[in-house]
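Position chain B with the ligands against the provided structure of chain A, taking the given hints into account.
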Amino acid sequence: MVADRARRVLLGGAGVLLVLGVMEAASRTGVVDAASVPPATEILSGAVEMAADGEFGGHLGATVAAWLSGVLLAVVLAVPAGLLLGSVPVLDRAALIVVELLRPIPSVALIPLAILVFVEPGRVERSLVCYACLWPILLNTLYGLREVEPVAKETLRSFGFGPLGVLLRVSLPSAAPLVLTGVRIALAVGLVVAVSAELRAGGESGLGIYLLATQSGGGRPDLMLAGALWAGVLGLLANGLLVAAERRIFRWRAVR
Amino acid sequence: MLEIKGLGHRYADGHRALTGIDLGVERGELVCLVGPSGCGKSTLLRCVAGLLRPTEGTVTLDGNTVDRVPDGLAVVFQDYTRSLFPWLTVRDNVALVLRRRGLGRRERRAAAEEALAAVGLADAVRKYPWQLSGGMQQRAAIARALAYRPSLLLMDEPFGSVDAQTREDLEDLLLTVRGGEGGMTILLVTHDIDESVYVGDRVVVLTGAPGTVHTELRVDLPAPRDQIATREHPAFVALRAEVGRAVRRP
Ligand SMILES: Nc1ncnc2c1ncn2[C@@H]1O[C@H](COP(=O)(O)OP(=O)(O)OP(=O)(O)O)[C@@H](O)[C@H]1O
Ligand SMILES: [Mg+2]
Chain A
1 MVADRARRVL LGGAGVLLVL GVMEAASRTG VVDAASVPPA TEILSGAVEM
51 AADGEFGGHL GATVAAWLSG VLLAVVLAVP AGLLLGSVPV LDRAALIVVE
101 LLRPIPSVAL IPLAILVFVE PGRVERSLVC YACLWPILLN TLYGLREVEP
151 VAKETLRSFG FGPLGVLLRV SLPSAAPLVL TGVRIALAVG LVVAVSAELR
201 AGGESGLGIY LLATQSGGGR PDLMLAGALW AGVLGLLANG LLVAAERRIF
251 RWRAVR
Chain B
257 MLEIKGLGHR YADGHRALTG IDLGVERGEL VCLVGPSGCG KSTLLRCVAG
307 LLRPTEGTVT LDGNTVDRVP DGLAVVFQDY TRSLFPWLTV RDNVALVLRR
357 RGLGRRERRA AAEEALAAVG LADAVRKYPW QLSGGMQQRA AIARALAYRP
407 SLLLMDEPFG SVDAQTREDL EDLLLTVRGG EGGMTILLVT HDIDESVYVG
457 DRVVVLTGAP GTVHTELRVD LPAPRDQIAT REHPAFVALR AEVGRAVRRP
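First to last, the protein sequences are chains A and B. When you line the first sequence up against the working numbering, it's residues 1 to 256, in that order. When you line the second sequence up against the working numbering, it's residues 257 to 506, in that order.
Chain A with its partners taken away, still in its complex shape (with noise of 0.2 Å):
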């Protein structure tokens, strides 16, 4: 298990360093433009240097307060959503056939209707991130409530308990796994819809807008991708913290 995991880590870390190698490589040889695309090492010391800059943190702070509200908004409203609509079958039929037909429409494809509607740049950028969102944990919470074994629900119902609390009951925490898994999905997501917004609908703060800023005036190639290497730093982490919980809090899933 530990010899596992450390031989995952050191492959992940040989792998990111052969990345930023390759990368640095080609700028300072100039396989690609250097003025465009910097040396891995001036994007990463730029990074850090942000990182210590308040401006940027205000930035960034903004864009994850956007992504996390709206992500916490679909959740919210898509797993109720989903647990009703899950529970009764003709329902079911209809939400998955609207869920499929609705899902493709790529969100950011929605910006200039959600500037129409919304207008203010923060709620464009929420209303936008918690839409997006909406989909896969509504739909992985209709596909969980549909994998819930029936003996585990009858056995609840034969003691007694009425349809509410077989849903709370059984259907919810057997569907739980998938639900994450949607959230999960969401947060990957949100993330992208959120920084587009920024970069299309503007406003006052965001990384979208320190993106934006960081083009004007001939542009700073390096703090431009160093912001971008944040957005990405965010999505692992938030990708991460989940996974860790999923295996702490879902340990009964994985033996089965």
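Worth flagging that the hints you see were computed from the coordinates, not collected in a lab. Predicted, not measured: the structure shown is a model, and the values here were computed from it. Mixed in with the good hints there might be a few duds.
Claimed, not checked - According to the in silico footprint, chain B covers these stretches of chain A (three or more CB under 8 Å from chain B):
id, region
1, 166–177
2, 197–207
Claimed, not checked - Which chain B residues stay away from chain A? Per the calculated CB distances, all over 10 Å, these:
id, residue
3, Arg309
4, Ser339
5, Ser417
6, Asp425
7, Gly436
8, Gly439
9, Asp448
10, Leu473
11, Val493
12, Ala494
C-beta atoms are modelled at their ideal positions from N, C-alpha and C, and glycine is treated no differently.
Frame of chain A, contents of chain B with the ligands only:
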């Protein structure tokens, strides 16, 4: 107490699982159902439990038609592995159903631990079902049903996965709890003919496809029953042979 009249069931795929079942069970009686695999024993229990609406006939409990799960019911499902909740510890699996018994949190846990100890799982209360062997899981499912103190207990091959010694212990445990106050009525499905005669007040032999009642035999054996003495009793030996013949010669 329990009246089954003209019960028949045809599944949605057209398969006829039961037909013309008539069976009465008195309060406090322990009736064993034996019969070949696929003859509809589980289907019959599910109709009695109100989990399945029969396509013909009626089940009445204390004069009321069973059209939903009746109060005071507990079921030990044949598929005990799927019947336990893997996200709860063994103790919480038991404690959860006791919510319907209006017990407080502490009382529920105490009752759960007591019932688990009675089936020999005192050391496993904090484990998860998937950390237990098949026989241990089966005992956990039995403990859950017994802790509930049902007035009607349905057991579908409850002792199928335990060793012979534990099986005898569980049979005796069942005989002890049914003797307690409250008078538990029990329907028990088993493949083991000896077991049906040993624990039953009555043995009902079903024959298959579609399932019907073949024979009903009253078990008149001295109480309390004893694993050694009862099994060598001439009446036991005779009954066992009779049930065996009924099962073999449909
Ligand atoms: N959901 C279902 N749909 C269609 N047919 C079913 C269904 N459940 C059971 N059957 C059929 O009904 C018949 C009786 O099934 P049942 O499970 O009641 O048998 P059983 O007596 O409990 O058998 P066993 O001793 O093997 O548990 C079988 O032929 C089975 O194939
Ligand atoms: Mg069966």
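Going through the hints against the structure:
1. 166–177: n = 5 at 8 Å, threshold three: holds.
2. 197–207: With 0 residues closer than 8 Å to chain B, the region 197–207 of chain A misses the three-residue bar; violated.
3. Arg309: 13 Å, holds
4. Ser339: 5 Å, violated
5. Ser417: Given that every Cβ of chain A is farther than 10 Å from that of B:Ser417, nearest at about 16 Å, it holds.
6. Asp425: Its Cβ never comes within 10 Å of chain A, the nearest being 24 Å, so this holds.
7. Gly436: 19 Å, holds
8. Gly439: Per Cβ check, B:Gly439 is outside 10 Å of chain A; nearest 19 Å; holds.
9. Asp448: Since the minimum Cβ distance to chain A is about 23 Å, B:Asp448 lies beyond 10 Å and the statement holds.
10. Leu473: Holds: least Cβ distance 28 Å, greater than 10 Å.
11. Val493: Given a closest Cβ separation of 36 Å, the condition holds.
12. Ala494: 36 Å, holds
The structure is inconsistent with the numbered hints 2 and 4, although it conforms to all the rest.
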